[in-house]
Each structure stands twice: as C-alpha cells, then as structure tokens.
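Sequences and hints are given; from them, build the entire structure.
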Amino acid sequence: MPERGKQGQVAPQSKVVRSLDEAQAIYEGRPGASRYPHVFDPIEIRGNVYKNRLIAAPTMFFHAVYFIPQIAENIYRMVGVRAEGGFGCVSTGEIPANFEESRGAFMDRAIDIHHYYGSDFDKAKEYADRIHAGGALAYFEFSHEGLEADDADQPWGPEDMVREDGRHVFGMDRQMMEKVCRDFFDLGRFAVAAGFDGVLLHGGHGFLIQQFVSPATNHRTDEFGGSIENRSRFPKMLLQALRAGVGEDKVIELRMSAEDGEPGGMTLEDTCGFAEQIDGLVDIFHVSNGIKKLGNGSDTFSDIFDVHGVNLERAAAIKRHLHKSLVSVVGGFNSVAQAEDAIASGKVDFVEYARQCFADPMFIEKTLDGREDMVHRCVRCFHCYPGFCEHKTDIPLWYQLPPEEFMKIYSPAVMGDCYINPESGLGFYPDQLPKPEGKRRVLVVGGGVGGMQAAITAARRGHHVVLAEKSDRLGGVLLFSEHDHDKREWYDFIEVLRRELSESGAEVRLNTMVDAEYIRKSAPDAVIIAVGAHNRGCKLPGSERAMDAADSYYHLSELGHSIVIAGGGLTACETALNLASLGHEVTMVVRKARITPSTFGYYRNALLDEMDKRGIKQMLSTVPIEFTADGLVCEKATDDKGTPGGERLVVRADTYMYSFGMEPNSELAGALAAAAEEVGAKVFNIGNSNRATIVRDAVHDGYKAAMAVI
Numbered sequence: 001m002p003e004r005g006k007q008g009q010v011a012p013q014s015k016v017v018r019s020l021d022e023a024q025a026i027y028e029g030r031p032g033a034s035r036y037p038h039v040f041d042p043i044e045i046r047g048n049v050y051k052n053r054l055i056a057a058p059t060m061f062f063h064a065v066y067f068i069p070q071i072a073e074n075i076y077r078m079v080g081v082r083a084e085g086g087f088g089c090v091s092t093g094e095i096p097a098n099f100e101e102s103r104g105a106f107m108d109r110a111i112d113i114h115h116y117y118g119s120d121f122d123k124a125k126e127y128a129d130r131i132h133a134g135g136a137l138a139y140f141e142f143s144h145e146g147l148e149a150d151d152a153d154q155p156w157g158p159e160d161m162v163r164e165d166g167r168h169v170f171g172m173d174r175q176m177m178e179k180v181c182r183d184f185f186d187l188g189r190f191a192v193a194a195g196f197d198g199v200l201l202h203g204g205h206g207f208l209i210q211q212f213v214s215p216a217t218n219h220r221t222d223e224f225g226g227s228i229e230n231r232s233r234f235p236k237m238l239l240q241a242l243r244a245g246v247g248e249d250k251v252i253e254l255r256m257s258a259e260d261g262e263p264g265g266m267t268l269e270d271t272c273g274f275a276e277q278i279d280g281l282v283d284i285f286h287v288s289n290g291i292k293k294l295g296n297g298s299d300t301f302s303d304i305f306d307v308h309g310v311n312l313e314r315a316a317a318i319k320r321h322l323h324k325s326l327v328s329v330v331g332g333f334n335s336v337a338q339a340e341d342a343i344a345s346g347k348v349d350f351v352e353y354a355r356q357c358f359a360d361p362m363f364i365e366k367t368l369d370g371r372e373d374m375v376h377r378c379v380r381c382f383h384c385y386p387g388f389c390e391h392k393t394d395i396p397l398w399y400q401l402p403p404e405e406f407m408k409i410y411s412p413a414v415m416g417d418c419y420i421n422p423e424s425g426l427g428f429y430p431d432q433l434p435k436p437e438g439k440r441r442v443l444v445v446g447g448g449v450g451g452m453q454a455a456i457t458a459a460r461r462g463h464h465v466v467l468a469e470k471s472d473r474l475g476g477v478l479l480f481s482e483h484d485h486d487k488r489e490w491y492d493f494i495e496v497l498r499r500e501l502s503e504s505g506a507e508v509r510l511n512t513m514v515d516a517e518y519i520r521k522s523a524p525d526a527v528i529i530a531v532g533a534h535n536r537g538c539k540l541p542g543s544e545r546a547m548d549a550a551d552s553y554y555h556l557s558e559l560g561h562s563i564v565i566a567g568g569g570l571t572a573c574e575t576a577l578n579l580a581s582l583g584h585e586v587t588m589v590v591r592k593a594r595i596t597p598s599t600f601g602y603y604r605n606a607l608l609d610e611m612d613k614r615g616i617k618q619m620l621s622t623v624p625i626e627f628t629a630d631g632l633v634c635e636k637a638t639d640d641k642g643t644p645g646g647e648r649l650v651v652r653a654d655t656y657m658y659s660f661g662m663e664p665n666s667e668l669a670g671a672l673a674a675a676a677e678e679v680g681a682k683v684f685n686i687g688n689s690n691r692a693t694i695v696r697d698a699v700h701d702g703y704k705a706a707m708a709v710i
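Just so it is clear: in the sequence shown, position 50 is 50 by UniProt numbering, and no numbers are missing.
Hints in this document: simulated from the structure, not taken from any laboratory.
This structure is a prediction, so every number in the text was calculated from the model and none was measured.
We put the CB at the ideal spot given by N, CA and C, even for glycine.
A few of these clues could be false.
[Said to hold, decoys possible] Simulated restraints, written as ranges between beta carbons of each label pair: (1) Gly645 - Leu582: 33 to 41 angstroms; (2) Pro69 - Glu585: 53 to 61 angstroms; (3) Arg652 - Asp153: 57 to 65 angstroms; (4) Ser227 - Thr393: 36 to 44 angstroms; (5) Gly560 - Phe67: 54 to 62 angstroms; (6) Phe67 - Ala244: 28 to 36 angstroms; (7) Glu276 - Ala244: 43 to 51 angstroms; (8) Gly280 - Phe67: 47 to 55 angstroms; (9) Arg499 - Lys392: 55 to 63 angstroms; (10) Gly462 - Ser581: 44 to 52 angstroms; (11) Pro436 - Ala593: 45 to 53 angstroms; (12) Ser581 - Glu495: 48 to 56 angstroms; (13) Ser581 - Glu635: 27 to 35 angstroms; (14) Glu423 - His483: 24 to 32 angstroms.
[To be verified] Keeping only pairs whose Cα atoms sit at most 27 angstroms apart, straight-line, the calculated DSSO-like set for lysine-lysine is: (15) Lys641 - Lys592; (16) Lys408 - Lys592; (17) Lys470 - Lys408.
Below is the structure:
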C-alpha cells in the first residue's frame with residue numbers, strides 16, 4: 001500500500017530500482033545505453049543502486065518551499081522532472097545547518113528538524129517522495145557557510161576576524177565545534193526519517209569546511225590549524241557526526257572546491273591532501289571549484305568562455321589520492337557524451353549537471369532513445385542564476401537600481417527561468433492552461449526562434465500551423481551565431497528548433513512575404529506576429545563610411561586588421577569579442593562611463609574579463625561625433641550622461657562600425673495585426689516585433705502565445 005503521511009496524503013509510488021540486475025534491465029534495447037556504456041553502468045553504494053552515473057546537482061534553496069509558498073510546487077516539480085528525465089540521483093538544494101550562526105537567506109524562522117511529523121517534516125519528505133516517484137535516488141543537501149553566513153547575527157569561522165563588511169566573526173572553540181557536530185548529526189537523522197537515500201554536504205565554495213582547510217582563512221596554532229592533518233581535524237569530526245546520524249546504509253557525498261581561486265588560498269595540493277585525510281569517510285567526493293562570492297571568476301560557475309567540464313582535470317588529480325571514496329565532478333557539462341568521455345577515461349566515477357537541468361530536464365531520456373540531436377543544450381547565459389557578483393570595476397547593481405527593479409532580476413522567483421526552455425521558470429504551470437477546444441488554423445509570421453517556438457508549440461497542441469518566413473533560412477537575428485567564435489551553441493539551439501519544427505508537422509513556407517492581402521486570403525483563426533526588429537542605424541555624420549556591427553558576421557573577409565566600434569552595448573561587446581578572436585585589433589568608443597550597462601552578474605563578469613584577455617581597448621566616457629576620412633572624431637564626455645564637449649580626438653582604424661541597438665518592426669507588425677483583426681483572427685505580437693528584447697522573451701512569448709490559442 002502507498003505510504004500515508006500525517007496529513008493523510010498519499011505519497012507517490014517509488015520507482016527507484018533496488019538491484020543492479022533491475023537497473024541493467026531498464027536499459028536493454030535502448031540505443032543510448034549501448035553508445036555510452038560507462039555512463040549507463042549501474043553501481044551500488046551501501047545498498048543504494050545508482051542506475052547510472054549521472055547526478056542532478058542542487059540548483060535551488062531547499063528551504064524555499066517553506067518561505068516562498070507561491071513557488072513551492074514548481075520546486076517540487078523541478079526535482080521530480082529531473083528524476084523522470086533519467087538521472088540516477090537527484091539532489092535538493094541546500095538548507096543551512098541551523099538557524100543561528102548558519103542562518104540562510106529568506107529564512108524568517110527555524111525549520112523543525114527534531115520532530116518527524118508535522119508541516120516542516122512533510123515538506124522535506126515531499127522532496128524525497130517526488131524524486132523517488134521519478135525513479136531516482138534522493139539527496140538531502142545542507143551546508144554551513146561559516147564566516148560567509150551573511151544572514152547570521154553572529155557568524156562563526158575558524159578564527160576571530162572582522163569581515164570586509166565590518167561584521168565580527170567569532171572563532172570557533174571546542175564547544176562551538178561540538179554544537180555544529182550535533183547539528184550535523186540531527187540533520188542526518190532528519191534526512192533519513194524523511195526518506196532520503198543520502199546526504200550531499202556542501203563544504204566547498206568558501207563554506208565552513210573549506211574555511212578550515214584553506215590556509216587563507218585558517219591561521220590557527222592549535223590542533224585545528226597548521227598542517228593539513230590538523231586543518232582536516234574539524235571537518236573529520238563533522239563527517240563522523242554526520243555518519244552517526246545517517247547510519248551505515250546511507251550515502252554521504254561531500255561537495256568541495258578543488259581550489260579557492262584567490263592568492264594565498266586553498267590550492268589543489270591542499271585539497272588532494274584533505275582528500276587523503278577523509279578517504280572513506282565520504283562515499284563520493286564531489287569536485288567543484290572556487291568561492292561563491294567570486295562567481296565564475298573562480299570557476300564556481302562555468303561561463304561560455306570555459307571548456308565544458310571545467311573542473312574535470314582537477315577532479316582527476318584528486319581521484320589519484322583516493323582509494324576508498326569515489327569521485328564526481330560538476331562544471332559546464334551539457335551532454336551525456338561529455339560524461340562518457342570523463343568516466344571512460346577513469347578521471348571520475350560520476351558527472352553532475354546543474355543548469356543543463358533547466359535547459360532540458362529530459363536530455364538523458366532523449367539520449368537513451370537515440371535522439372541526442374533533439375537535446376536543448378545549456379548555453380551558459382546565466383539567466384537562470386544571474387549571481388550577485390558584479391565586476392570588480394563596477395558599482396554594484398543594487399546601488400544602481402531601485403529595490404523593485406533590483407528584485408525583478410534577483411528575486412528567488414526568477415531563478416530557474418531558462419532562455420531556451422519555455423516551460424522553465426517558477427510560478428508557471430503549463431498543465432493548468434486551457435486545452436484547445438478545436439483544431440485552429442494558426443499563421444506564424446516570422447521564422448526566428450520566437451516564431452519557430454510558437455509554431456512548434458501550436459502544432460504539438462493539434463492545430464494546423466503555417467509558418468511563413470520572408471528569407472530562405474530559419475533562425476532570424478540569431479543566425480549570426482553560426483559565425484561567432486563564442487556562440488556556436490546558440491546556433492545548435494536554432495538547429496534543434498528546426499528539427500522540432502519538422503517533426504511537429506507544422507508547414508514551413510520560406511521565401512514568403514506576408515502582407516495584409518496574404519492574411520485576408522488565408523483567413524487564419526490566429527496570427528502570431530514574430531517579424532522581429534531592425535538595427536537602429538547610425539545618425540552620425542559620415543555613417544556611410546561605417547557598417548553596422550551586427551552585419552560584420554556576414555562580411556568577415558572584407559574587414560581590415562584594425563577595427564573601431566562606436567557603441568558600448570551588449571551587441572557591440574560580443575561583436576568585439578568575436579572580431580578579436582579572429583585576430584583583429586579592436587577599439588570600442590563608448591559614450592558612458594560603464595560599458596554594456598544592461599548586463600549584470602556572472603555573465604557581465606565573464607564578458608568584461610574576456611574582453612580584457614583578448615586585448616579589446618575600451619575608450620569609456622568618449623562620445624563619437626563623426627566618421628571622417630581621417631577616422632572617428634570623438635569628444636570626451638563632460639558628465640555621467642555622456643554629454644560631449646571635452647577634449648577632441650580622432651580614433652583611426654582600417655574598418656569602422658557602429659552599434660546603437662535595435663527597434664521593433666512596429667509598422668509591419670501593426671499592419672499585419674490590423675489585417676488579422678479584419679478577418680476575425682486572434683492576434684499575438686511576440687518577441688522583438690513587440691519590443692526590442694532578449695532571446696528568452698522571444699522563446700517564452702512564442703510558447704505562451706501558442707498555448708493561448710484554444
């Protein structure tokens with residue numbers, strides 16, 4: 001009989017495999033299993049069967065279901081769909097070790113971990129039940145952030161100190177250490193009672209365990225400082241307490257950074273020494289990197305300029321020092337093929353995925369079915385997890401924006417929203433939208449990613465769909481990615497949409513210009529307008545001597561060695577990066593004191609750091625005035641608004657460009673909308689044709705428009 005909880009609810013039936021033979025049987029006849037034999041090789045740890053070597057890493061606070069009730073169901077679904085998608089094990093997000101010195105963000109009260117009944121317990125158990133119902137093992141993640149615990153009234157750390165923000169950190173004595181050990185014991189017992197198969201202890205990213213191991217934060221002279229043996233002493237106490245709490249038949253996985261990424265911090269040699277000290281105390285040593293506050297700057301989160309599997313070689317080095325514990329690695333993996341290479345080479349035993357789970361939580365099942373070419377692979381844009389870390393040269397975003405605007409970007413309710421997966425995002429329930437009442441004739445005008453997504457979704461819902469595109473190719477403005485050194489995975493996304501469109505049954509008409517007469521003759525029930533935007537152009541005198549930077553991708557062979565770009569938005573920056581990667585000498589002339597101001601967080605960090613690496617010269621607070629035969633005439637700005645009037649100078653180059661943004665094709669969209677209304681069609685204006693916006697909005701707008709056709 002299904003188990004009933006205290007409230008009388010029926011727990012979902014578990015589909016977790018309990019033997020290696022059962023695990024092997026589920027892959028019989030599936031092409032992906034034979035193609036990737038190391039990935040789909042089951043393994044048993046302490047009686048717990050991992051049906052494969054793929055683990056869904058944590059991506060959202062465990063305690064959000066307690067304190068943000070409006071997104072609780074989405075978070076449960078988030079872990080549930082990952083289990084259904086084929087992972088061998090799925091982890092929850094983290095919960096702080098306690099409500100005192102380890103208090104976490106958004107916690108307004110302590111969570112009761114001492115009673116195995118009641119609302120707090122039921123909310124925890126729901127995680128395990130949802131994951132088990134999807135067929136995966138379930139991890140309960142927790143952490144102690146130590147001196148980095150921003151929300152603690154009195155944070156604790158390895159030693160007495162004053163943080164950069166002026167907060168006093170209390171150095172831990174033996175009594176404090178024993179208190180935290182008791183917390184770990186209690187959390188272990190709570191996890192087991194709630195039905196979890198293991199615990200993921202987050203000790204890395206600059207948290208308490210890493211603080212004791214790192215020579216940058218541990219200068220103690222007692223038995224807990226000095227040698228690596230001593231610096232490992234308290235972490236070993238914690239792991240022993242946790243083992244006592246979970247018992248001998250549950251898995252302990254420890255996430256650790258391989259390196260700090262800071263001068264004088266924990267090195268790979270330190271971590272290898274620590275691994276030797278705790279070998280066997282943990283079942284899986286999970287390798288990440290860096291410090292959370294440094295974001296992608298220390299590979300804590302990989303960006304588009306990093307290799308996939310950015311931590312793999314670090315993990316391989318650590319594995320050479322372990323004889324009892326297995327090793328997993330996280331960091332930029334977005335395909336099963338990458339995991340196969342990592343495991344087959346003997347570098348790791350497991351591979352973990354984080355942001356890829358937002359992009360396509362079903363990517364493992366697709367791979368098993370031999371449909372890898374239909375996987376939406378994470379493009380590492382940082383939209384799902386923007387990060388709080390602003391570039392070191394910036395004014396932090398929270399000082400630039402009013403609170404309500406800041407929270408639109410950084411609210412927990414925004415986390416998990418994916419550029420390329422329109423069914424992602426918290427507070428959104430596609431199954432609760434109305435079902436079609438009949439088969440409608442849907443005309444989609446425009447074959448960019450928004451139009452393609454609209455056509456795919458509408459066709460999947462049973463409508464008769466025609467997509468008309470004026471050019472001979474699908475992809476719209478994103479077609480530039482075919483020629484961009486850093487954006488090839490965006491082009492892969494276009495190709496996946498093309499394949500999905502073909503499979504959906506929607507009719508595609510290329511080289512087809514839609515006008516009012518076309519709409520009158522076709523008389524559709526719904527028209528989805530996705531005609532995009534156009535480059536704003538350049539009003540500077542002499543602009544005929546320059547080209548739009550967005551057009552440079554299609555004229556690469558015509559460009560000179562030195563290039564000047566007038567403009568400092570995101571398009572200008574990304575174009576400059578591409579040109580620099582091809583060997584051009586690039587100078588950017590930027591009116592404002594801050595380049596690409598609409599970009600923020602980890603992506604901004606990565607972008608600006610990469611521009612520095614590639615030698616792109618940035619002339620900030622410099623106003624472009626006129627393109628002349630002698631060069632781009634500029635004046636230094638006299639204020640923060642970019643008002644000209646300062647020193648005049650001329651910037652010379654072989655090729656001149658400008659990049660001043662885009663404007664929606666409002667006139668065309670308006671004419672099409674009027675014609676559609678004449679024939680009684682429902683009208684949707686999406687993406688760039690509604691407002692100059694981002695890829696995410698085009699994809700999500702297209703999906704939602706199609707879902708609204710009933």
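task: Go ahead and decide if the range 24 to 32 angstroms is satisfied by the Cβ distance of glutamate 423 to histidine 483.
output: holds, 30 angstroms
query: Is the distance from the Cβ of glycine 462 to the Cβ of serine 581 consistent with 44 to 52 angstroms?
result: The hint (44 to 52 angstroms, Cβ to Cβ) holds, given that glycine 462 and serine 581 are roughly 45 angstroms apart.
message: Does lysine 592 sit within 27 angstroms of lysine 408, going by the straight-line distance between their CA atoms?
response: Holds. Lysine 408 to lysine 592 sits at ~24 angstroms (cutoff 27 angstroms).
message: Taking the Cβ atom of arginine 652 and the Cβ atom of aspartate 153, is their distance within the range 57 to 65 angstroms?
response: Holds, since arginine 652 and aspartate 153 (Cβ atoms, about 59 angstroms apart) stay within the stated range.
field: Distance restraint evaluation - glycine 560, phenylalanine 67, Cβ atoms, bounds 54 to 62 angstroms
entry: Distance hint for glycine 560, phenylalanine 67 holds at roughly 57 angstroms.
Status of the given 33 to 41 angstroms range, CB of leucine 582 versus CB of glycine 645: About 36 angstroms separates the Cβ atoms of glycine 645 and leucine 582, which means 33 to 41 angstroms holds.
task: Compare the distance between the alpha carbons of lysine 470 and lysine 408 with 27 angstroms, and conclude whether the hinted pair is satisfied.
output: violated, 36 angstroms
task: Please work out if lysine 641 and lysine 592 have their alpha carbons no farther apart than 27 angstroms.
output: Measuring from Cα to Cα gives roughly 6 angstroms; hence the hint holds.
message: The hint says 48 to 56 angstroms between serine 581 and glutamate 495; measuring C-beta to C-beta, is that right?
response: With Cβ atoms ~22 angstroms apart, the hint is violated.
- prompt: If you check the beta carbons of arginine 499 and lysine 392, does the distance land in 55 to 63 angstroms?
  reply: violated, 42 angstroms
- request: Starting from the range 43 to 51 angstroms, see whether the pair glutamate 276 and alanine 244 falls in it by beta-carbon distance.
  value: Given a distance of about 22 angstroms, which is not inside 43 to 51 angstroms, the answer is violated.
field: Outcome for the supplied range 27 to 35 angstroms, where the beta carbon pair is serine 581 and glutamate 635
entry: holds, 31 angstroms
Hints 7, 8, 9, 12 and 17 from the earlier list are contradicted by this structure; the remaining hints agree with it.
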